[in-house]
Amino acid sequence: MKQTLQTATLDNGITLLGEFLPGVESVSVSFHVAAGSLCDSVMHSPTNRSRCGLATLTGELMLRGAGNRNSKQLVASLDNAGVQWSQSVSMSHGSFAGAMVSRQLPESLEIYADILRRPLLDKQQFDPARQVVLQNLAGTEDDPTHRTMLALRKAHYPSPWGLPSEGTTVDVNNLQHSDVQEFVNRFIQPQDMIISVAGRLDWLEFTNQMDSLFGDWQGQSREPVINGERGKKICHVPYDSQQTHIALAWDVPPYRNPDSLQATAALAVLGGGSSSRLFTEVREKRGLCYSVSAGYQTQRDIAAAMAYSGTTADRAQETLDVMLHEIASLPGTITNEELDRVKARAKSGLVMQQESTAARAGAMARQWFHLGRIRSLAEDLERLDNLTVESIEHWLAQNPLTEVTTVFLGRNPLEVPDAVSP
Amino acid sequence: MQFRHEQLPNGLDIIAEVSESAHSASLGFFVKTGARDENDSISGVSHFLEHMVFKGTDTLSAEDINLRFDSMGASANAFTSEEDTVYYAAVLPEKQHDAIELLAAMMRPALREDDFITEKQVILEEIKMYDDQPPFGADDQCRALFFKDHPLARSVLGTESSIQALPVEAMRSYHEERYSADNLVLAASGAVDFDSLMASARQLCSPWQSVSHCNRKVSFSTTPSKAITDIITRDQAALEYAVRMTPGPAEDNSDRFAAKLLAVVLGDDSGSRLYWDLVDSGKAEHAACHHHDFLDAGIFVTQLSCEPEATQALLDRIIEIYKAATKGLTVSEVDQARNKLLSRVVLAGERPRQRLFSLGLEWSHLGRYRSVGDDLATLDTISREDLHRILCEWQLTELSTTVLAGPLQKD
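Line order of the protein sequences matches chains A and B. Oh and the first sequence: position 122 is 205 in my numbering, straight run, nothing missing. Oh and the second sequence: position 26 is 212 in my numbering, straight run, nothing missing.
The shape of chain B in the complex, shown without the other chains (with noise of 0.2 angstroms):
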């Protein structure tokens, strides 16, 4: 593996990670905006702007956009979350000028009016499927009660009313504020030809002006001053589905990794203590605890479906279980759970299209690269009083921001 950066005089950085025995090359723009750089007049623009960079560009139709990138047989897509914006494709090397030429293109879209109005209604269809699937928007109202005033508290799809509400000339701005060329990244893992990438960019990027941009981060005070609890009913539901929020490290804090083990200790799919306590006992469905971070916060996540009338227990039975964990953990469920992350991290790696997400998501955060040893050689290091240390200072047991969704009624 060798990496490499250059940069354009109009500040897009240009990354990649070659590799000597891949097949295929994945190849992305990263795009640093998502819902947090929304406010609510736009709510949701980031994720529909997204949909709309793949409705073409003046020279390039919607179907002209579908039909080159099926002819190069590429496997592209993009998605859009709360801080980033990513539009990729994996294809078969010698299709690699191709695909940067049609992802470069969409990068500067048309935003047609009559491709708006069509495309909205994809959106609406969008939050409508999102409605009727669990979480059943528990996810999203757990972060905007736990986050309050904070970006991070703004929803990736926005609302029906703020999408119905959304002018083109809206999207039309935030587009052009956003998508400056020191705002994006492009990055490329496998068996990318670096020298031709640079070729393509500088032929096909240099062009893209550059504004400046405000400071993204924002503080946010990690000791919530209560607890917080909220129910979203819909009788139709089977099960009881909950999401509880609690602060955790951020991404520049060097505790990143230690917490990530540490969720995998509390609450992996299978083997962690979560999994054998609810889970292999047959007593819910679901019971995991994930660790995510972000510019300036970080979260610890506990997710739970179960019968509706256990909830309530099981929910008390997890703070216990987490309780317990402060406690002592042991060496060998760390070493355990330390094991599996090595094996996820090693096998991730073999995989450019997994590679390139690691790669353009850090560059595009932190400015610097990881590769697939330096992860290693991190989680090599964690020990177990880091975690412990963790525990203490994070207090997954205490204040949290909880919100239900299922067949149980407000009292």
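Just chain A, with the same shape it has in the complex (with noise of 0.2 angstroms):
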């Protein structure tokens, strides 16, 4: 498969990454600037107050009018234009994508150029857009598994990593009109910032054009994240729900270091797809749950390894040995089998991104945050192709688990054994 791939930086320090994909009508463009909820706990200080959900806060606030256009005008000339927008905060990016038919591509950029260096930050816009993120955050309450997983991060990370991007009620109820007009001027920068489009596309014209709309846009440097403490290991969160939920976490490389496919390989054998261990031994032979898994979630600097299942809370402290049984007793087990059904998988993955638009501008930006760069198709191909039981055994020798964070949901406590062992 031929690939074309082009990148371009701007003198700002915006980069910009491009891919033509043959055989589609459509283009996707995403923005990801450097103002995630990592740069909430860098508002903390002088005054102390903490500020958790102002990175969504400002998002939500920055769609709400820019340019020429009221909050209302902005949403009708993205809809009329066709655009599929999202705007989104993890803990790194603040980001803002728009899928659309190509033709559209010009008129959406002049609007999200608008949204990213003119956003009108309207008061009278900013208590129903803190109502807004006030009301997601109520929904999230009642979303067992997503609660879980809030508290795993809060465990096991240490701060302000586990902190939750969505914010705190507490935190968002005091935000202030100031706190997200300071949070624009200080983090909304074109330094670091990724903008990639995939698709039907004239690289050379979006150039132009992003040189045009973004060129002249100069800001200040980036300011440092200070690590703090990390949670306890092991958490009870009390809630009145039929299941328990259990999730756990274990450290493993970020994505630019390279021995994270050995690593991420490991966890695909654990616990993805249906043949995985996790899936066979919890639901399949033993029916205790009807959702198991495990997943890999990284930052720039830090991973971990996440695993989740729901269960009946009579079966859920079987469930909770078999599945650290399970993680324990992975090194020195994996079958040739086993990674050529993990490399089957990722190679199916890889292609069928290249059918998707959207999917490929985020994972181009994706690679370009954590490596400074985009592996074409081929090398990740190659990459899977060279990857072999023994090195994935190598890399679990010499990174022997030693600490596992575990939170349950639910309504009573599970018991941990105190060293994880086979």
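Do not rely on the hints blindly, as some may be mistaken.
What the hints assert, rightly or not - Pairwise CB distance ranges, derived in the manner of DEER restraints:
| # | chain 1 | residue 1 | chain 2 | residue 2 | range |
| --- | --- | --- | --- | --- | --- |
| 1 | B | ASP560 | A | ASN291 | 35 to 45 angstroms |
| 2 | A | GLU108 | B | ASP455 | 18 to 28 angstroms |
| 3 | B | THR512 | A | ARG456 | 53 to 63 angstroms |
| 4 | B | ASP560 | A | ALA411 | 47 to 57 angstroms |
| 5 | B | ASP244 | A | ARG466 | 52 to 62 angstroms |
| 6 | B | THR564 | A | ALA411 | 54 to 64 angstroms |
| 7 | A | GLU306 | B | LEU552 | 53 to 63 angstroms |
What the hints assert, rightly or not - In the PhoX-like style, the derived pairs of lysine-lysine whose C-alpha atoms are separated by at most 25 angstroms in a straight line are:
| # | chain 1 | residue 1 | chain 2 | residue 2 |
| --- | --- | --- | --- | --- |
| 8 | A | LYS206 | B | LYS469 |
| 9 | A | LYS155 | B | LYS469 |
| 10 | B | LYS509 | A | LYS155 |
| 11 | B | LYS334 | B | LYS596 |
| 12 | A | LYS155 | B | LYS446 |
As the list claims (entries may be wrong) - One side of the interface only, derived from the structure: several residues of chain A facing chain B at Cβ under 8 angstroms:
| # | residue |
| --- | --- |
| 13 | MET183 |
| 14 | ALA221 |
| 15 | GLN303 |
| 16 | HIS319 |
| 17 | VAL320 |
| 18 | ASP323 |
| 19 | GLN326 |
If you are wondering where the hints come from, they were derived from the structure by calculation, not from laboratory data. Beta carbons are placed, not taken as given, at the ideal position from N, Cα and C, and that holds for glycine.
Reconstruct the complex from the two isolated chains, following the hints.
Here you go:
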């Protein structure tokens, strides 16, 4: 498969990434500003007032009018251009994305330039925007799986990496319009911004337009994040539910560390796909649960493996025991057949990503953020081909699992053995 | 895009939308069976059977099936609804035959009793999982009250007691009757080799028997006699969740697309009347309107989640918003909604996996093929007047069935 990957850098530090995808009518663009929820913690000083949720509230307010369009006009212009738009906040980034029929790209880029560079931050819109964030927080209270994973992140990661991007009700209630204004001034900056585009695309036209829309934007340098303490290793969140939710986390290398390939392959053997060990042992053989899985979550410098299952209270202890046993017994037991299946699934995933302009734009931006470059499909496939059971086992042997963070949400706590051993 | 269709002598339809530019092939068996084809004594059997289909055949174990799907790098799954049970796999083109071979084998499952007993526990866990999640059963309860004795009133999951009481023999006879060759459609989309697909189907599916079926359609009175409200109390919930249903066009009604466009104008996730009034203002966590169509009935479903004490006022407000809409929609809001839908159709058309479901369900229900171009052309012909006519005809403001779930108590 011939691939056309492009990169360019504007003088102010904005990176442009592009891939022409043959056979599609659409194009997707995504803007990633280094203004994620980590910046909430940078804002804590000097007043020491915690502002968890500020990045999220800022994202919400930025969409409520920009340039010469008010909130309704802005949404109407995106909708009328047939842009399927979205806005989100992760730990590292505030992101705005849109997928559309390719002829609408130039018009939509002008709108996005307004959102990023000329948000109105209308004071009249501040309270409604805050209410939206608070409503979303109330909604997540009713999602036991989401609450379990939030508690796991908080317990496992050093502060501020485990803080919820969506914010906390207490902090969001205390935020002020001036906080948003300050956040925009300090963090909505061109430095380290990634703009990624994939689909039916004229790269030269795109870069010229981006230069005229963003080229004269000058900003200031980034501020460092200071790491704090970790939470408790075992944590029970009392909740009146029929099911007990179990979540486990342990340290693995971040994506930019070459060893992450071994770590994620081992994780896929453990909990990816319906032939994985967790699915087979917990659900298929014992019928203990409906959902059980393990996955990988990476930031630039830290990463975690996370496993989850939800099951009836009286079967939760057995579920936890089986999960811990499977995690502990992985080293030394991975087979070639298991690795072949992991490779086949990963290969399909990589190739099928080429069918979605939005998935490609997002994936390129992620690779750039973590690696400072985009790997071609051929290179990604070659890395998979070169992966061996020996290299995974070697990595597992060199990096024995010593500590697992365990979170339960439900009526009763469970017993966690002192040591993780097969 | 090229559409192909052939039928085996036993009545199995094979359809495909072949795309030159796709990188993958999506394949699926669409079984014309779901909750509406059940009765009280087998409530939940369609969905339970969907799980059992993954537990193996006379020559394959559950583990074999999981291993084979993962070995071919397939993204495979299944779902059950009121009217359909669908099994599908997305694979790289060179795995087309392997995927069909496995899916076809699965359509004739062993339904072993020990697997049945183990899987019953998984189904009960799934029921409990949904019971812990919003909208805490309000959707099932609302459909039950709205459709009363019509088959669409039935729950897809069934209940804990119906699943506990279900014997394996009942599932076996249900399977024999419902998974008859002429009650299935084999659909494919993307980088499909249709000639090879036909060869696989002839080899693998020709022995399947067909049994005759009765008409699944049951007439549904679209004029409710009275408004119904019910409350499911969940003390631990933070928000109140409301589901409101009123009648709408069925799938064979020529207003089906217009009804969907109207729902986007009124209650899309963003940029709609409900959105600007209730969500953008922060009054509700979520407020949306959707149109769902079935073989013989349609519904407009309004969903609301908000602080419990605000529920009644916001439900009243929604009626006011719908009333205001009957007095006139603007050309610009209809065009805005149309542009959104057009774009969604084009983008979904680029993904074989998404096309598979439109393709398979359309054929399964209506026995016809609609291309992306057909959908775009239909959307272009819908006028503002059509939407006004639907608003007058279907009376979203009138007698509805509403179920609330959350901290609110019954009076």
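Outcome of the hint check:
1. B:ASP560 to A:ASN291: 35 to 45 angstroms: The hint (35 to 45 angstroms, Cβ to Cβ) holds, given that ASP560 of chain B and ASN291 of chain A are roughly 38 angstroms apart.
2. A:GLU108 to B:ASP455: 18 to 28 angstroms: holds, 23 angstroms
3. B:THR512 to A:ARG456: 53 to 63 angstroms: holds, 57 angstroms
4. B:ASP560 to A:ALA411: 47 to 57 angstroms: holds, 56 angstroms
5. B:ASP244 to A:ARG466: 52 to 62 angstroms: violated, 41 angstroms
6. B:THR564 to A:ALA411: 54 to 64 angstroms: holds, 57 angstroms
7. A:GLU306 to B:LEU552: 53 to 63 angstroms: Check passed, 59 angstroms falls within 53 to 63 angstroms.
8. A:LYS206 to B:LYS469: Given that 25 angstroms is the threshold and the Cα spacing comes to 18 angstroms, the pair holds.
9. A:LYS155 to B:LYS469: holds, 17 angstroms
10. B:LYS509 to A:LYS155: holds, 22 angstroms
11. B:LYS334 to B:LYS596: Distance ~21 angstroms between LYS334 of chain B and LYS596 of chain B Cα, so the pair holds.
12. A:LYS155 to B:LYS446: holds, 22 angstroms
13. MET183: holds, 6 angstroms
14. ALA221: holds, 5 angstroms
15. GLN303: Hint on GLN303 of chain A: violated, closest Cβ of chain B at ~32 angstroms, above 8 angstroms.
16. HIS319: violated, 16 angstroms
17. VAL320: Violated - the Cβ of VAL320 of chain A stays beyond 8 angstroms from chain B, reaching only about 12 angstroms at its closest.
18. ASP323: holds, 4 angstroms
19. GLN326: GLN326 of chain A check passes; min Cβ-Cβ to chain B is 5 angstroms, inside 8 angstroms.
When held up to the earlier numbered hints, the structure conflicts with 5, 15, 16 and 17 and fits the remainder.
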